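**Q** Place chain B on chain A using the hints.
So the sequence lines, in the order shown, correspond to chains A and B. Numbering-wise, my numbering puts 275 at position 274 of the first sequence, and it's gapless, one number per residue. Numbering-wise, my numbering puts 267 at position 266 of the second sequence, and it's gapless, one number per residue.
Incorrect hints may have been included.
The list treats identical chains as one, so a pair stands whether inside a single copy or across any two.
Unchecked claim - Simulated crosslink set (EDC-like; lysine to aspartate or glutamate; CA at most 16 Å straight-line):
1) Lys3 - Glu26
2) Lys60 - Glu256
3) Lys118 - Glu226
4) Lys118 - Glu92
5) Lys111 - Glu324
6) Lys319 - Glu308
7) Lys111 - Glu226
8) Lys214 - Asp66
Everything labelled a hint here was simulated from the structure, so no lab data went into it. Source: prediction; values computed, not measured.
Number of protein chains: 2
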Amino acid sequence: MKRVYNFSAGPSMLPEAVLKRAAAEMLNVNGTGQSAMEMSHRSANFLPIIENAEANLRKLMNISDEYAVLFLQGGAWTQFSMVPINLAGVEAGAERKNAAYIDTGIWAAKMGGEAAKYVNMRCAASSKAQGYTFIPAAPPPNSDDAFYAICYNNTIMGSAWQSPPETGAVPLVADISSCILSAPLDVSRFGLLFAGAQKNLGPAGCTIVIIKKELAGKAPSWTPEMLRYDTHIKEKSLFNTPPCYCIYVIGLVLEWLLEQGGVAEMRKRNIEKAAMLYDYIDNSPFYIAPVQKESRSLMNVRFAVREDDGEKRGQLEKRFIAEAENEGLVNLAGHRLAGGLRASIYNAMPLDGVKTLINFMDKFRR
Amino acid sequence: MKRVYNFSAGPSMLPEAVLKRAAAEMLNVNGTGQSAMEMSHRSANFLPIIENAEANLRKLMNISDEYAVLFLQGGAWTQFSMVPINLAGVEAGAERKNAAYIDTGIWAAKMGGEAAKYVNMRCAASSKAQGYTFIPAAPPPNSDDAFYAICYNNTIMGSAWQSPPETGAVPLVADISSCILSAPLDVSRFGLLFAGAQKNLGPAGCTIVIIKKELAGKAPSWTPEMLRYDTHIKEKSLFNTPPCYCIYVIGLVLEWLLEQGGVAEMRKRNIEKAAMLYDYIDNSPFYIAPVQKESRSLMNVRFAVREDDGEKRGQLEKRFIAEAENEGLVNLAGHRLAGGLRASIYNAMPLDGVKTLINFMDKFRR
Chain A
2 MKRVYNFSAG PSMLPEAVLK RAAAEMLNVN GTGQSAMEMS HRSANFLPII
52 ENAEANLRKL MNISDEYAVL FLQGGAWTQF SMVPINLAGV EAGAERKNAA
102 YIDTGIWAAK MGGEAAKYVN MRCAASSKAQ GYTFIPAAPP PNSDDAFYAI
152 CYNNTIMGSA WQSPPETGAV PLVADISSCI LSAPLDVSRF GLLFAGAQKN
202 LGPAGCTIVI IKKELAGKAP SWTPEMLRYD THIKEKSLFN TPPCYCIYVI
252 GLVLEWLLEQ GGVAEMRKRN IEKAAMLYDY IDNSPFYIAP VQKESRSLMN
302 VRFAVREDDG EKRGQLEKRF IAEAENEGLV NLAGHRLAGG LRASIYNAMP
352 LDGVKTLINF MDKFRR
Chain B
2 MKRVYNFSAG PSMLPEAVLK RAAAEMLNVN GTGQSAMEMS HRSANFLPII
52 ENAEANLRKL MNISDEYAVL FLQGGAWTQF SMVPINLAGV EAGAERKNAA
102 YIDTGIWAAK MGGEAAKYVN MRCAASSKAQ GYTFIPAAPP PNSDDAFYAI
152 CYNNTIMGSA WQSPPETGAV PLVADISSCI LSAPLDVSRF GLLFAGAQKN
202 LGPAGCTIVI IKKELAGKAP SWTPEMLRYD THIKEKSLFN TPPCYCIYVI
252 GLVLEWLLEQ GGVAEMRKRN IEKAAMLYDY IDNSPFYIAP VQKESRSLMN
302 VRFAVREDDG EKRGQLEKRF IAEAENEGLV NLAGHRLAGG LRASIYNAMP
352 LDGVKTLINF MDKFRR
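Next comes chain A alone, as it looks inside the complex (with noise of 0.2 Å):
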């Protein structure tokens, strides 16, 4: 089988020319006569793959020395966990803390229940009740906030903030898994920014944290080695063994992207692509997008047969994603608790790969 079209929302396409490069040089890289898989995380071999990946993201997303960027495990989830802790963690039996977070979706809903763990954690504002079908307005924190919390961009609902809202003086965070390098972002309006990489930038397995310095070293004595941040940035990402090879891949997909021009021309070309897609469902009497325009996500397109028997509409999506598949176009499913279709056309997936999703949508309605 020739390669696929593969819009599944992470782990996810990777640019062509980075797989080949990893397989030319799985045997020996840099002339080491070793795997990137094989180095001693602590050897003269690996660090300036870590150093020369972080020294990239800085240059890609204008990172100032302002803020630590580690490379990490676990994952989104474990953020959800480490930001609360780190950020507003007391120690056992002291009084808790306050935060907030807007509720955009599941991922959003998730961060803010794992919070609540350790923290006060108030919905200041939620689309819940429509269907996450628009970012809703957010209110200004309060002033005790310890920080307050966002999803930039909706895997799974398809939707995404237009600009960071605004928050003071309180810490903004942010999940941007599936939006990270997509298009510039002010880096300088967040706390903490942190994006599991399967989406846009590597192999699943790593996690990018960028976080303000100045908010680090709080957390309480009860936390986790693993789970402190000022333990990851004194030892720059090297405190236990990193996810090497990971940390190898995601370095060639940044290099890919300092090559094609950076986060300005993704930025260009993920409007082109998503534009294309939204216009032709927008135009379309077969299909609808459920999100609304000002709202829409240009990583995630989510999209629906145009159809309310339901039972109807699941047996037509049901064929839909088959006979995609059989034309080389997969993971066109929409998430299990969303429903629908979706196609993630995050920065790897070639203009040509929407056309051709386009063309098959199109024959698929005749």
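**A** Positioned in the frame of chain A, the structure of chain B alone reads:
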């Protein structure tokens, strides 16, 4: 540069056949048109990969259905927190439970130190005062110990338990990061085993946990969700996105192990390799192996130049490391906390690598 013999303690050498297969399958694995890095972890493409890896690990280690096998993230360090929190953690304000560990080296001591955040941790025996040159006799646990922890193979110190201590009804917990699958091990003697993949199993970034199911489910309410064994058992390691590509490579290594004849064959080869190296050192007037014979590791052979003048020894060892590297024998320095020299000879190190090292050692001596 051609492939080197890599004596790194971890990440470390992988079988060349595995690397070649991973390279060949990089753009298209199992005829899916996708890389193993690109697959949705819930797709019909990935599920056989993780299921086969689990089945083959169960076969190789003879793991019964009483135990769950998990593919987690975060390395041994994350287990140092998960073990005490899940097996002995209490709600805030409740009385702490007791547990014990045997101090056989740096990693065992770290495991004990981290556990002391959550339980009354008793050091039941230690060989620290003797430079960790042997495995001390293990006193029986107290009846109220929630668990009894050991580090089965001491990567830094070059020592290893030759059989598990008897702990009766108290669950025995062991870090087997640097000896998993190197020789048969009676899993039924243990309550919980864990191993970072980066030594004998695959790339860094995945941790294998083998846990008696009855031990899970008692974590206190403040436990970070990702640190709950019951969460991962319930979701068969797919609670969140697992380190898919690491699991894929681990699967290739496990298939390779089965082809080679399994752990009984590995034990035979590992004894042959280690005996050859220890014999050479013991019979040499120039080198010395500090660990007592009955406590020696098959995986990590610690040695030094036999020279009382510390400065002179340091210079000789520095020259040894540099000259060895020139001959393609890399990462022979001892751990920074132990000094001296160390050759880690995991399953993937061929007999020829050990022979080449001995030839070099003899040339260097002369």
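**Q** The structure should be examined with respect to each hint, and the outcome stated for every one.
**A** Hints, verified against the model:
Proximity of Lys3 to Glu26 under the C-alpha cut-off of 16 Å is restricted to the inter-copy arrangement: shortest distance 12 Å between copies versus 22 Å within a copy. Proximity of Lys60 and Glu256 under a CA criterion of 16 Å is satisfied intra-copy only: 11 Å inside one chain copy versus 41 Å between copies. Taking the shortest alpha-carbon separations for Lys118 and Glu226, only the inter-copy value of 10 Å comes in at or below 16 Å, while the best intra-copy value is 18 Å. Proximity of Lys118 to Glu92 under the C-alpha cut-off of 16 Å is found in both arrangements, the shortest distances being 13 Å within a copy and 12 Å between copies.
Proximity of Lys111 and Glu324 under a CA criterion of 16 Å is satisfied in neither setting, with 34 Å inside one chain copy and 55 Å between copies. For the identical chains of this complex, Lys319 and Glu308 are intra-copy neighbours only, at 14 Å inside a copy versus 74 Å across copies, given an alpha-carbon limit of 16 Å. For the homomeric pair Lys111 and Glu226, the shortest alpha-carbon distance between copies (11 Å) is at most 16 Å, but the shortest distance inside one copy (23 Å) is not. With identical chains, the CA atoms of Lys214 and Asp66 are at most 16 Å apart within one copy only, with a shortest distance of 9 Å there and 46 Å across copies.
Violated hints amount to a single one, hint 5; each of the other numbered hints is respected by the structure.
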